[in-house]
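Colleague: Each chain, written out:
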Amino acid sequence: MKVAEIFESMEYGPAPESAVPAHAWLDRHGRRFGLFIDGEWRDPESGAYFDTVNPGNAQTLGVIAQASTDDVDAAVNAARDAFKGWRALGPHGRARYLYAIARGIQKHSREFAVLETLDNGKPIRESRDIDIPLVARHFYHHAGWAQLMDTELAGHEPLGVIGQIIPWNFPLLMLAWKIAPALAMGNTVVLKPAEFTSLTALRFAELCADVGLPKGIVNIITGDGRTGEALVNHEDVDKIAFTGSTDVGRIIRVATAGTGKKLSLELGGKSPFIVFDDADLDSVVEGVVDAIWFNQGQVCCAGSRILVHEGTAGRLIEKLRARMERLRVGDPLDKAIDIGAIIAPVQLERIDALVKQGVAEGATMWQPSWSCPQDGYFFPPTLFTDVAPAATIAQVEIFGPVVVLMSFRTHAEAIELANNTRYGLAASVWTESINLALDVAPKLKAGTVWINSTNVFDAASGFGGYRESGFGREGGREGLYEYVKPSWQASIRPSKAAGGAAGNGAGSNAEAARPPASRAGDMPAIDRTAKLYIGGKQARPDSGYSLPVHDRRGRVVAEVGQGNRKDIRNAVEAARASAWPKQTGHNRAQVLFYLAENLAARSDEFTQRLRQFTARSSDAKREVETSIERLFMYAAYADKWESRVHQTPARMITLAMHEPVGVLGVVCPDERPLLGFISAIAPALALGNCVIAVPGEGAPLSATDFYQIADTSDLPAGALSIITGRRTELVSHIAAHDDIEGVWYFPVDGGGGEVERLAAASMKRTWIAGPRDWMDPVQGSGEEFLRHATEIKNIWVPYGE
Amino acid sequence: MTRPRTIDAAPRPHTGRIPRNPGFPLELDWVADVRVNRSAVERRTATIGTRRTVKKDWQAAWLLRAVTLMDLTTLAGDDTPGYVQRLCAKAMRPVREDILESLGAEHLRITTAAVCVYHQLVSVAVQALRGSGIPVAAVSTGFPAGLSPFAQRLDEVRASVAEGADEIDVVITRAHVLNGEWEALYDEVRAFRDACGDAHVKVILGTGELGTLRNTARASMVAMMAGADFIKTSTGKEAVNAVLPTGLVMARMIREYRERTGHIVGFKPAGGIRTAKQSLEWLMLMKEELGALWLTPQLFRFGASSLLADIERQLEHHVTGRYSAGHRHPIA
Numbered sequence: 000m001k002v003a004e005i006f007e008s009m010e011y012g013p014a015p016e017s018a019v020p021a022h023a024w025l026d027r028h029g030r031r032f033g034l035f036i037d038g039e040w041r042d043p044e045s046g047a048y049f050d051t052v053n054p055g056n057a058q059t060l061g062v063i064a065q066a067s068t069d070d071v072d073a074a075v076n077a078a079r080d081a082f083k084g085w086r087a088l089g090p091h092g093r094a095r096y097l098y099a100i101a102r103g104i105q106k107h108s109r110e111f112a113v114l115e116t117l118d119n120g121k122p123i124r125e126s127r128d129i130d131i132p133l134v135a136r137h138f139y140h141h142a143g144w145a146q147l148m149d150t151e152l153a154g155h156e157p158l159g160v161i162g163q164i165i166p167w168n169f170p171l172l173m174l175a176w177k178i179a180p181a182l183a184m185g186n187t188v189v190l191k192p193a194e195f196t197s198l199t200a201l202r203f204a205e206l207c208a209d210v211g212l213p214k215g216i217v218n219i220i221t222g223d224g225r226t227g228e229a230l231v232n233h234e235d236v237d238k239i240a241f242t243g244s245t246d247v248g249r250i251i252r253v254a255t256a257g258t259g260k261k262l263s264l265e266l267g268g269k270s271p272f273i274v275f276d277d278a279d280l281d282s283v284v285e286g287v288v289d290a291i292w293f294n295q296g297q298v299c300c301a302g303s304r305i306l307v308h309e310g311t312a313g314r315l316i317e318k319l320r321a322r323m324e325r326l327r328v329g330d331p332l333d334k335a336i337d338i339g340a341i342i343a344p345v346q347l348e349r350i351d352a353l354v355k356q357g358v359a360e361g362a363t364m365w366q367p368s369w370s371c372p373q374d375g376y377f378f379p380p381t382l383f384t385d386v387a388p389a390a391t392i393a394q395v396e397i398f399g400p401v402v403v404l405m406s407f408r409t410h411a412e413a414i415e416l417a418n419n420t421r422y423g424l425a426a427s428v429w430t431e432s433i434n435l436a437l438d439v440a441p442k443l444k445a446g447t448v449w450i451n452s453t454n455v456f457d458a459a460s461g462f463g464g465y466r467e468s469g470f471g472r473e474g475g476r477e478g479l480y481e482y483v484k485p486s487w488q489a490s491i492r493p494s495k496a497a498g499g500a501a502g503n504g505a506g507s508n509a510e511a512a513r514p515p516a517s518r519a520g521d522m523p524a525i526d527r528t529a530k531l532y533i534g535g536k537q538a539r540p541d542s543g544y545s546l547p548v549h550d551r552r553g554r555v556v557a558e559v560g561q562g563n564r565k566d567i568r569n570a571v572e573a574a575r576a577s578a579w580p581k582q583t584g585h586n587r588a589q590v591l592f593y594l595a596e597n598l599a600a601r602s603d604e605f606t607q608r609l610r611q612f613t614a615r616s617s618d619a620k621r622e623v624e625t626s627i628e629r630l631f632m633y634a635a636y637a638d639k640w641e642s643r644v645h646q647t648p649a650r651m652i653t654l655a656m657h658e659p660v661g662v663l664g665v666v667c668p669d670e671r672p673l674l675g676f677i678s679a680i681a682p683a684l685a686l687g688n689c690v691i692a693v694p695g696e697g698a699p700l701s702a703t704d705f706y707q708i709a710d711t712s713d714l715p716a717g718a719l720s721i722i723t724g725r726r727t728e729l730v731s732h733i734a735a736h737d738d739i740e741g742v743w744y745f746p747v748d749g750g751g752g753e754v755e756r757l758a759a760a761s762m763k764r765t766w767i768a769g770p771r772d773w774m775d776p777v778q779g780s781g782e783e784f785l786r787h788a789t790e791i792k793n794i795w796v797p798y799g800e
Numbered sequence: 000m001t002r003p004r005t006i007d008a009a010p011r012p013h014t015g016r017i018p019r020n021p022g023f024p025l026e027l028d029w030v031a032d033v034r035v036n037r038s039a040v041e042r043r044t045a046t047i048g049t050r051r052t053v054k055k056d057w058q059a060a061w062l063l064r065a066v067t068l069m070d071l072t073t074l075a076g077d078d079t080p081g082y083v084q085r086l087c088a089k090a091m092r093p094v095r096e097d098i099l100e101s102l103g104a105e106h107l108r109i110t111t112a113a114v115c116v117y118h119q120l121v122s123v124a125v126q127a128l129r130g131s132g133i134p135v136a137a138v139s140t141g142f143p144a145g146l147s148p149f150a151q152r153l154d155e156v157r158a159s160v161a162e163g164a165d166e167i168d169v170v171i172t173r174a175h176v177l178n179g180e181w182e183a184l185y186d187e188v189r190a191f192r193d194a195c196g197d198a199h200v201k202v203i204l205g206t207g208e209l210g211t212l213r214n215t216a217r218a219s220m221v222a223m224m225a226g227a228d229f230i231k232t233s234t235g236k237e238a239v240n241a242v243l244p245t246g247l248v249m250a251r252m253i254r255e256y257r258e259r260t261g262h263i264v265g266f267k268p269a270g271g272i273r274t275a276k277q278s279l280e281w282l283m284l285m286k287e288e289l290g291a292l293w294l295t296p297q298l299f300r301f302g303a304s305s306l307l308a309d310i311e312r313q314l315e316h317h318v319t320g321r322y323s324a325g326h327r328h329p330i331a
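From first to last, the protein sequence lines are chains B and Z. Just so we're aligned, residue 0 is where the first sequence starts under numbering that gives the first Met the number 0, counting upward by one. Just so we're aligned, residue 0 is where the second sequence starts under numbering that gives the first Met the number 0, counting upward by one.
Treat the hints with care, since some could be wrong.
What the hints assert, rightly or not - 20 Å max Cα-Cα, derived PhoX-like pairs, lysine-lysine: (1) Z:Lys236 <-> B:Lys334; (2) Z:Lys89 <-> B:Lys1; (3) B:Lys83 <-> B:Lys214; (4) B:Lys334 <-> Z:Lys54; (5) Z:Lys236 <-> B:Lys1; (6) Z:Lys55 <-> Z:Lys236; (7) B:Lys334 <-> Z:Lys55.
No wet-lab data here; the hints were simulated from the structure.
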């Protein structure tokens, strides 16, 4: 086109970023890439390679090694060998390396960006202005955390070897999110990039070598799902960190169940994008662009469900359609396009099939009048209106540039619709009213809530999901705890000796309980029936059966109800109706202090009870005293486990809000019948969780005695339920109940695997806690408990008038 | 490879007159409804120049277009008839002929959109531009503060029109905006418009003195209802003049007003636009937010004095491949 013609038409022209340096890098490697293990490039054992393709033009960029089980083994061994030295290097030495990596990323930022766009198909604008700068920022930020580990994470140690599996949508950024905190906390890693997008991870491996990172600390193994499976199942991996689909996340949860491997999962989403009638609608439209047409909508936290006030919907739809008409889809390397290429034909087909299904189910589809390029994998921006919550496209994650729009009547309904999903990764809220924004944000079940913004990320802020969007956080202080363990714990892995046998405390002796004879000998003592405690009331077990309780000499001294799954169900219903989570920290503190006060008033009785079950009679008094102190401790924490404000480098207040996990099943330890019970329930209650407690099976009477304390201490109904019975059976019912957010299990002898397997269905948070000395305040109380009782939600609030 | 088509193929410039905005009865609800979220606006404007770019021939063509959208301006105490005559000569031949020939643009009759001066120099400019078709714009109504007696401000408008000014850039009383006196603002602008007669009126909001983007948006809406042909950011004399967030908000109000009334209003950023790159960002903002119709002098003007010099250098660079020097281009 001639200048004079363009002068008339004022069209945009091509503005390609040069791919020459990136191709030169590929050529230097002969377009054939091995595995980066123990600081060197190795050919895969199997000799197998697969193609990696540029989605923008469907051309092959090179071949990538398919790592086998043997290769994974070699990589894990290398990481294990390197661990000792890396740990010994200390915080400052590790900080220096992370700093060098950050510098290296910046120095080669354009090369990384172009390579990322070639391999992934995302617009060069995004890789250049968003992905790569965030990668550098992540390493800088964590160089800082490495430096500060001894002071800021005192009492914690690295886990060891971390297996990390990342997705193809933000290849290098997800690598940074995984590797930076792992290394900062002194771990070594084996990372598997997604098979569609290995190149920047391999370039990163080269950078690690260039900055002199000792061998074996970072190992990059490429391959498909089989490689990932081998990594997940490797015996010598201490933790798996995975980002990807909920389906695969669930498989990993099941695969690692019972192994003691620590696990963090960042999974799918169907994030709501809520538009109230007082929002700046033009800015909302740009928000939608950032929400669903960023990275072609291949974003786990994409705002893919627009929920708009009914009276505003018409105007918003008009504005959106006009804006969509101006979006430009094309060559990802073109600096003037908005939307690049979909990663692969298989994804394109999935998007297409879901869009067709949306149309078939009666929704109104709208796409711009222009057509997409034909020589790559492109899909046009798509808006569905007339969508009902029951529609398939309103429920499943499409992972493409497709957004659905639904309306609501009231803000209460907006919240209900927003939370009407199994996922809980992110949400975006648009309103000019701070009252409304800060009312809605805490009520959304999502790990990240963006007010008047969307898809904003930073290394200082935690990111991760509620519900089936996974668990664990990446970024910020909260993300570090995924890569450490308490120093007092020798290992997070269960000892090999521990078998899988079920609890054996009760039921073996069929002898019926008799009320013990009174000392006088004449009159029998009054029968004291320990019932279940559900919804603030004593309840008979649904089963109609009781279990005998034996004292330390094996005599039957009482009977407790044998709880079953219906009792668990009833306790959940009571918890859902409870006023406890809405109480202020101050109120919760008062109740916990009151529990302590009432326990103290009856300390003799509780001491006597303990003496029935323990030979250490002098110890019983101390256990009661410690229990009282522990209640005081968590009463103190109830209004002091404070949220943080993260220092993100934007004009934003980023609130890392501490929220209760929700309804928690707490399966108490067998040892320390009173202290173990109190130590487990009190931190959960203190932070506003509703607790369904299953007392230790051997000596449940301290717990059942406790409900009288609860009754007299103003604890609202449903805050605490106590279900006695067979522990292994009840914990399974808890793990398999989809309306319970978390389960803590203090196993007697292993058996956590079944809990983790059952919990996988709803991605319930599980804490299979290792054995500990409950009398020791470091092991038996404190921040470890509080963190497990907390879900952190990051709320981003931009400001400025 | 196939390129996406765009829907907003530009109409030919200088053809097909767009009807003037007749104004609209004051609707206070429209003013009250205005919502502007500054952070979101800034995020949008931060990516205007990163989501879009024009390179090579496209850049040259866009820069040529920018020249034709310029109100070449001098508004200084030392303006003299001789200087204004030189400025007018530059307006008629803004780009060196050999550069235009190299670009194949010699037939495009590249001139600036207008020349903008104080009232005292209107007759000089009218004389100097006679026959060129380039309109003369006069700043008026007690420019830049706009606080002289109201009757005097109207007389100033009439006087400039009588001298032959085709366009009048008026300033509003900022206090009306700061104090939410929308009827007063409406009446003031309406009176200016009436005083202009057939001359087009550009309403300068003085956005750098309005405090918030929301005030800018509300003042834009009232000025358009009162019959502004253009809304204009600034006098060039405020501490903050034409910046993209302000421009985005005003452009969105122009769109809103059109959606509500069907009437079309032009936009003029003024002050602080000095580089070719900045001018391209403004053009991309217009194309993205309002469409290519706002890339014609009927609906878009730059108020600028030093921008032209940078554009000339960039055009020569495009032609020769060598970075150009200021002294290679004739000044006013």
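Colleague: Taking only the CA atoms, is the gap from Z:Lys236 to B:Lys334 under or equal to 20 Å?
Modeller: Distance of about 35 Å is beyond 20 Å: violated.
Colleague: Hinted pair, alpha-carbon criterion (20 Å max): Z:Lys55, Z:Lys236. Please report holds or violated.
Modeller: violated, 34 Å
Colleague: Are the Cα positions of B:Lys334 and Z:Lys54 separated by 20 Å at most?
Modeller: Holds. B:Lys334 to Z:Lys54 sits at ~10 Å (cutoff 20 Å).
Colleague: Check whether the Cα positions of Z:Lys236 and B:Lys1 lie no farther apart than 20 Å.
Modeller: violated, 39 Å
Colleague: With the threshold set at 20 Å, check whether the alpha-carbon distance from Z:Lys89 to B:Lys1 stays at or below it.
Modeller: Violated, because 26 Å separates the two Cα atoms, which is more than 20 Å.
Colleague: Checking one constraint from the list: CA of B:Lys83 to CA of B:Lys214, max 20 Å. Satisfied?
Modeller: holds, 12 Å
Colleague: Assess, step by step, whether the Cα of B:Lys334 is no farther than 20 Å from the Cα of Z:Lys55, and give holds or violated.
Modeller: holds, 13 Å
In summary, the numbered hints that this structure violates are 1, 2, 5, 6.
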